[in-house]
Every structure is written in structure tokens, then in C-alpha cells.
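Trainee: Just so you know, the protein sequences line up as chains A and B, in that order.
With my numbering as the guide, the letters of the first sequence map in order to residues 1 to 222.
With my numbering as the guide, the letters of the second sequence map in order to residues 1 to 402.
Note that these hints are calculated values from the structure, not bench results.
Ideal Cβ placement from N, Cα and C applies to all residues, glycine included.
Honestly, I wouldn't trust all of these hints.
What the hints assert, rightly or not - Label-pair distances were calculated between CB atoms; the ranges are:
#1 B:Gly48 to A:Val27: 26 to 32 Å
#2 A:Ile33 to B:Arg257: 44 to 50 Å
#3 B:Ile171 to A:Val188: 33 to 39 Å
#4 A:Leu105 to B:Ile42: 36 to 42 Å
Claimed, not checked - DSS-like mimics (lysine-lysine), calculated; alpha carbons at most 27 Å apart, straight line:
#5 A:Lys43 to B:Lys90
#6 A:Lys43 to B:Lys371
#7 A:Lys86 to A:Lys5
#8 B:Lys368 to B:Lys278
#9 A:Lys169 to B:Lys251
#10 B:Lys287 to B:Lys378
#11 A:Lys10 to A:Lys78
#12 A:Lys102 to B:Lys371
#13 B:Lys278 to A:Lys83
#14 B:Lys98 to A:Lys15
#15 B:Lys208 to B:Lys378
#16 B:Lys90 to A:Lys37
#17 B:Lys208 to A:Lys37
#18 B:Lys255 to A:Lys169
#19 A:Lys10 to A:Lys102
#20 B:Lys255 to A:Lys173
#21 A:Lys86 to B:Lys255
#22 B:Lys167 to A:Lys43
#23 B:Lys7 to A:Lys43
#24 B:Lys205 to A:Lys221
#25 B:Lys371 to B:Lys167
#26 B:Lys205 to A:Lys43
#27 A:Lys37 to B:Lys7
#28 B:Lys52 to B:Lys287
#29 B:Lys7 to B:Lys371
#30 B:Lys90 to A:Lys31
#31 A:Lys221 to A:Lys77
To be verified - Some chain B residues well away from chain A (every beta-carbon gap over 12 Å; in silico):
#32 Glu8
#33 Val115
#34 Asn235
#35 Arg274
#36 Ala374
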Amino acid sequence: MEPDKVIKEKKPDSKWSDWGRLGKWNVVGYKIIEGNKGPRSDKLQRARYMLVNRPWDVMYEHSYGLVSRFFEALMEKKLVGTKCPKCGDVFCPPRAHCWRNKCKLAETEWIEMPMHGILHCFTVLGFAGEAFLSDLPFILAYVRVEGANTLIAGRLVGMNPEDVECDMKVNIKFVEHPSGNPMDIYFVPEGPPLNRRSAEEKARMRTQLEPIRAWVKERFKK
Amino acid sequence: MVAEAMKEALEDTPNLSIKDIDNHVCSYFSDHFEQQLAFSWIPNDYLGLAPKPVFRVENGGAGPGTAIRTAWALVASGLSDICLVSGFEKQGEVSSAKANEFIALASDTDFDFSVGGYYTGYYAAMEARHMYLYGETEEDLAMIAVKNRNYSLDNPYAQWPLECGGKRITIDDVLSSRLIAWPLKVLDCCLLSEGASVIVLASQKYAKKITDTPIWITGVGLGSDMMRPGDRPDNPGFHGMFPADARTYPKHAMKPREPYPEMTNFGACKVAARTAYKMAGIKNPFKQVDIVEIHDAYDSSELQSYEDLDFCRRGQGKTLIREGQTYVDGDIPVNVSGGLEGFGHPVGSTAIGQTVELFWQMRQEIGKKHKSDATQVKGAEVGLNHSHAGTGTAISVMIMER
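Using the sequences provided together with the hints, build the complete structure.
Mentor: Have a look at this one:
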């Protein structure tokens, strides 16, 4: 049997090489606390307890498996999906096997997808997972790429959050340097705002976003 | 925490002895929060249950509801006579942003989490489309947050009273609280919690020996949906199952191939509810169910669940809250414990803790347990517990009767 061979590789920056070793479950700090403890708020008692700080982290080598083609294509600035040869359903994000019971897990075929679609729904994020806090605020959208039977998640840029609406047309763009991550694509509105939201609603959303922008500026010195 | 809950159960039930428990089903959600694999073994040996069988049931946020259903099946099948169900979670060991990231690992990490998605964001996008289809407002959602949080002030087991200092909130407080993911603000969202709870299920023969007033489980249901909400609008899995809900799709919106549940409702909930209703012989849940505990991870999901639990037609969730039907004195009181927004959301424990509240409600013991009977639903005979995971990816419904 032939051994596995590496066809293409980008090694992680050396700064990540100590990632697993540095956080190794040692106690690196502690606190001894006297606080209010108990199962009911009306029967709390002063109790003394100890907290320890233990860092722990991991570098994953994750396989995209049968849908690897999608991520390879992103690096070539192409958007691809899959199509079931039996029922014709189109998947973007891709599925390697059809979802219909009657197609009996038929293997799908790769097709190129158009670079436009419809924004099905969206949210304006004012908080996020730790890895994405410095990007706030941003617009997360689910988009139906034309011809697809699934929606793909991504970010919408080029429009004020208060002007974004469901069912609007969007174009899909690539970042300058794709890295094989769904963040390699993003959405931009195809036309001007649909303006179905009232001026009052728009003003409210603007007010809600002000403290978020100030918080990010302060926290990340942006 | 589990020991504290068990101790109280033993004090409340003098005829119950740990040595009579023959099986233990344990629920906790994330291995990341606790950083301890196979954690169910620890409460099992700590309570003195070894060498009895123990295993973990994990099904995201529906883990505790699924654990109860599993224990029910053990007892119903005759494999167990007296089965303990325990649940716990400790979410306080990491920052709030990291906790949200851990929870987001239950979503698709290749396609949804990787673009900056996490649960409040997914639910917000789903609610934004529900609003676009059916026209409820941020004020309607805030009414639910105010209802649940203020009810929790009468519940000494609840977390919110400690965080807010016992102060009642208003709709304006919710609307002006920090934006998390439009249209959801921080007061529209549940709490990050630490907590534990236990319940004991017994066969008909043993239940009567343990207590004079058992509460019977008369229906259980569990359903599932696509993991990625983006896979739902055209998903053939629900094709033709709920035609009445599909017909309510408004004309102003672009209609997907499968109009129900698409991204706006929870089809898994409808499947679970219809299964449980059929088993319990419930034909009109709005009339026949007296008290409900819903998994209000967000007030929006409580509103959407009103529709999926068949309390009203799809799109009418807003009417139910506007008319006050789900308040303690309404036709179908929901989350008078405080729900996930007020009572708290220690994930693996949540639906078990809510079942305990329903148990006390149906035995008319709220005054005794809460030291206030302000949220006691008088004469509650039929209760409904709902447990919900992912973006509605797994949902359980249980009917309890006195």
C-alpha cells in the first residue's frame, strides 16, 4: 500500500507550535474566597472555597473529509456545491450524500455555483464567541445561493445594519487571500435598501449599536 | 450540588431510600465546561449508588428531557423499579464569551461557527425571519422576558433574583439592555448557570409505596431536525407532515420548498408534542394543559414554541402573550418558575429542575417550597415540560398528570 503523501501544505506559523504545550493544566493562579453559597437564595451561608486557574488548549488537525473539494475551491476563488444525480437537489454548503430517503444516500456530484443569491434571514451581532469579539458589530446572514436547496451562513458587508432585510438580493465576493475557510466568501447587497423598515425602527437599531462600537473600541483599541 | 438536591428530595420524601434506587440516568451537557469526561460516575458514587447501573444521556439542551424519557422507558419496560434522574451543569469556570463559544461547538463547526456564528446569533436570525413573516415586535418578546424574570423573584431556587437584587424589570429595561444579536438584547436571553436537580421515577407499584401523591408521566415525545438551521427551508424530511402550519406562510415573503418549519419554527417540537399528546390522550392542549414549563433560552423561542406546541396557530404566538394567556392567571400559564431567563439554565439540569417545579405545582406545594404562593397555579392537574436543544435540533415534550 502506498503511503499518504502531502499534495500541498501551509504549515502553521511557528508561534502556534507551543500552543498545546503552554496550557498544560498546571495551576497558574488561585483565589481563596469567602462567599455566599447554598441551593436557595433565602438560605445562603458564608462558605470558604478555593478557585484555581488552569490553562488548557489544543491545536486540532481537522479533516474536511468528503467535502474537502468545497474548501479547496475556496482557495481557488470558486464557489462550488453538490448535486444529487437522482433527485437533482443542490447543496451549498455541500453534502457528499443526498438527504432524501428515496435516494438511498446517493453520492452527489460537484457543480460550480453562481456568485449571487437571496438573503433569507440575518442578525446584527453585538456579542460573540471569544474568537470573534474583536470583529463586532457584524451582520451574520443565511443566504440561498441561486439554485441551492440549502442556505449558507456568512457575513454581509457594505450596508448599514438598519437597512438589511430578509429576502433581499445579494452578490457573493471573495476575500483577497482565501485560506480554505467559509470566511473566504462574504455577501454584499445587490441593490439599494428595500426600505421596508420604519425610520423609528432604524433609529432604534442605530441606538442599540452605539454602545457596542464604543465597547469594541475600548476593549481592542481599534 | 447534586448531593444537595438529593438531600432535599430525601427530606421531602421520608419513604424514599437511596438503597431502593436500582438505576441512575445522569444528564450534563458539555464536557468542556466541566473538563471532566464521564462525569456521571462522580455523582453516582458520591450519592452512594455504586454498584447500581449508571449512564449519561446527552442530547444538547434537550439532554435532561431526553434523560427523563430514557428513565421512563427503563421503568415502563420493567428494567427498573425506581430510577434516579440527576442533572447538573457548571458554566461559571470560563468567561461568558468562552462559554458561548463552547456552546456554539454544538452547531456546525465547519460552516456556521466558523463565520462567527453562535447560538444567540442563530436564534436571532431565526426570530428575525419569524418577525418578518408574522409581525411580532421587540416589545412582544420583552413582555415574555418581563413575565419570566419577574416570576422568578418569587422562587428562592432561581438565579435571577440574586443577579438583579430582587428588583422587578419593565419592558423598557429589556428594550434598553445591551444588544447581543438583533433583535435579542441581553434581557431577552437566558442566564449562564450552575445548578443541579434530581427526580425519582418509579413504577406504579413502587410509586404508591414512596408517596401518597405521585405525579404520573402520561406522555413522552422526542423529535429532531436538521443540525444546520440553513438546511431546513427545503428539507424534504418534514414534507407533508404539518399542512396546516405550512398553509399559514404569508404571501409577502419568498416561500421555501417546505414552508414549515423552515427557519422560523421548531418542527422537532411539533413532532415531540404530537407524540406526547397522543400518548396522553390530549386533543386540545390549550384547554387541557394547566401549566407549562418551556425551554425559553430566548424569549423568542418561548413565543415560537407556543405555536409549535399547538397552543395557538402558527403566527399567533404574539396574540397569546399580548392577551396575557401565558401569565399565572391566564388560560395556560408558562414558566411561572421564572424559566431559563429567571430560574436559570444549568443545561444538563434545566428540564429536570423545571419538572421539579411542575411536580410541586401539581401537588400544590409551591407555597411550602417557595415560601410564597404568588406563582401557585391553583388546581393544576395536567403539566407539560419542554426541553430544547441546538437551534431546535432535538426537542422533548412530557405530559405529567396528578
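Trainee: Now tell me if each hint is right for this structure.
Mentor: Status of each hint after checking the structure:
1. B:Gly48 to A:Val27: 26 to 32 Å: holds, 30 Å
2. A:Ile33 to B:Arg257: 44 to 50 Å: violated, 56 Å
3. B:Ile171 to A:Val188: 33 to 39 Å: The hint (33 to 39 Å, Cβ to Cβ) holds, given that isoleucine 171 of chain B and valine 188 of chain A are roughly 36 Å apart.
4. A:Leu105 to B:Ile42: 36 to 42 Å: Holds, at about 40 Å.
5. A:Lys43 to B:Lys90: holds, 20 Å
6. A:Lys43 to B:Lys371: holds, 12 Å
7. A:Lys86 to A:Lys5: violated, 34 Å
8. B:Lys368 to B:Lys278: violated, 34 Å
9. A:Lys169 to B:Lys251: holds, 18 Å
10. B:Lys287 to B:Lys378: holds, 15 Å
11. A:Lys10 to A:Lys78: holds, 19 Å
12. A:Lys102 to B:Lys371: violated, 58 Å
13. B:Lys278 to A:Lys83: violated, 39 Å
14. B:Lys98 to A:Lys15: holds, 22 Å
15. B:Lys208 to B:Lys378: holds, 24 Å
16. B:Lys90 to A:Lys37: holds, 14 Å
17. B:Lys208 to A:Lys37: violated, 35 Å
18. B:Lys255 to A:Lys169: holds, 15 Å
19. A:Lys10 to A:Lys102: The given pair, whose Cα atoms are some 41 Å apart, is violated under the 27 Å limit.
20. B:Lys255 to A:Lys173: holds, 26 Å
21. A:Lys86 to B:Lys255: Holds, at roughly 24 Å.
22. B:Lys167 to A:Lys43: holds, 19 Å
23. B:Lys7 to A:Lys43: holds, 15 Å
24. B:Lys205 to A:Lys221: Violated, at about 67 Å.
25. B:Lys371 to B:Lys167: Within the cut-off at roughly 18 Å; holds.
26. B:Lys205 to A:Lys43: violated, 36 Å
27. A:Lys37 to B:Lys7: holds, 16 Å
28. B:Lys52 to B:Lys287: Given that 27 Å is the threshold and the Cα spacing comes to 42 Å, the pair is violated.
29. B:Lys7 to B:Lys371: Holds. Lysine 7 of chain B to lysine 371 of chain B sits at ~19 Å (cutoff 27 Å).
30. B:Lys90 to A:Lys31: Given that 27 Å is the threshold and the Cα spacing comes to 18 Å, the pair holds.
31. A:Lys221 to A:Lys77: Measuring from Cα to Cα gives roughly 32 Å; hence the hint is violated.
32. Glu8: Since the minimum Cβ distance to chain A is about 7 Å, glutamate 8 of chain B lies within 12 Å and the statement is violated.
33. Val115: violated, 5 Å
34. Asn235: violated, 7 Å
35. Arg274: Since the minimum Cβ distance to chain A is about 20 Å, arginine 274 of chain B lies beyond 12 Å and the statement holds.
36. Ala374: holds, 14 Å
The structure shown violates the earlier hints numbered 2, 7, 8, 12, 13, 17, 19, 24, 26, 28, 31, 32, 33 and 34.
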